[in-house]
Amino acid sequence: MKGPLNSVEPHGDWAPGLQKARLYELILQDIILGELPPMQVLEEKALAARYAGGVAGVREALGRLAIEGLVVRRPRVGTIVAPMDVTEIEHAFEVRRMLEGRTAALAARNRRPADLVAITAAFEGAEAAIEAGDFRAMLAMDHAFHRAVAFAAQNPTLARFVIALQNVATRFWIWQMEKQTPEEQMADVVLHRALAQAIVDRDPAAAEAICAQLIGEPPSAQRA
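Just so we're aligned: 268 in the working numbering is position 113 of the sequence shown, and the numbers increase by one with no gaps anywhere.
Honestly, the hints are just simulated from the structure, not real lab data. Even glycine gets a Cβ: it sits at the ideal position worked out from N, Cα and C. There could be a bad hint or two in this list.
Now the in silico label distances, taken between C-beta atoms and shown as ranges [what the hints assert, rightly or not]:
id	residue 1	residue 2	range
1	Q174	Q309	24 to 32 Å
2	R229	A269	35 to 43 Å
3	D289	A349	19 to 27 Å
Make the full structure from the sequences, and use the hints.
Structure below.
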């Protein structure tokens, strides 16, 4: 995985207050939600107008998304949204299983007070979002939670890998969530909150086990 080590750190080159970070998050969300569908050509000026930002910020955001495999740059075509590659998502699930449980265990061991605030607050308002069918809000909560857990491990290199993998796998997760009942969606939130509690309790074994449940099954298992 290329890119600067601080590309995912909350106070690094992509800190949330920066315009390019805001544009990155907005474009990422719309790719995951299908508002920017696979194979759509992404024109920088149009995106700048859509998200009320600058072309330079859009260009940097697209560069990061290209590194993460969510957009593709093609000669004579430009930048397009990456196709939904089931094989790539399968591979992402395999690597997530290897990395994320360990990340959760490290978070339980190394978390700091500020990490706990972010982790425990991530799913506030989930009940209302589920009732309203607000998948964008649920996506934002899920991203905030998993990024906070990754940061809490206190290993920026690991966090960079884990977050990029999650962004790929989340394209499948949101499709799966849209088919779930509100009760099933709430069960997923409860599991996230259980992981948060394991991290609060400094219980690495429980955190790793719960994280394995959260990762769930890859697309091939869902098709079986």
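Evaluation of the provided hints:
Remark: the range hint 24 to 32 Å for Q174 to Q309 is upheld by a beta-carbon distance near 28 Å. A hinted range of 35 to 43 Å holds for the C-beta pair R229 and A269, which are about 41 Å apart. The hint said 19 to 27 Å for the Cβ distance between D289 and A349, and at roughly 23 Å that hint holds.
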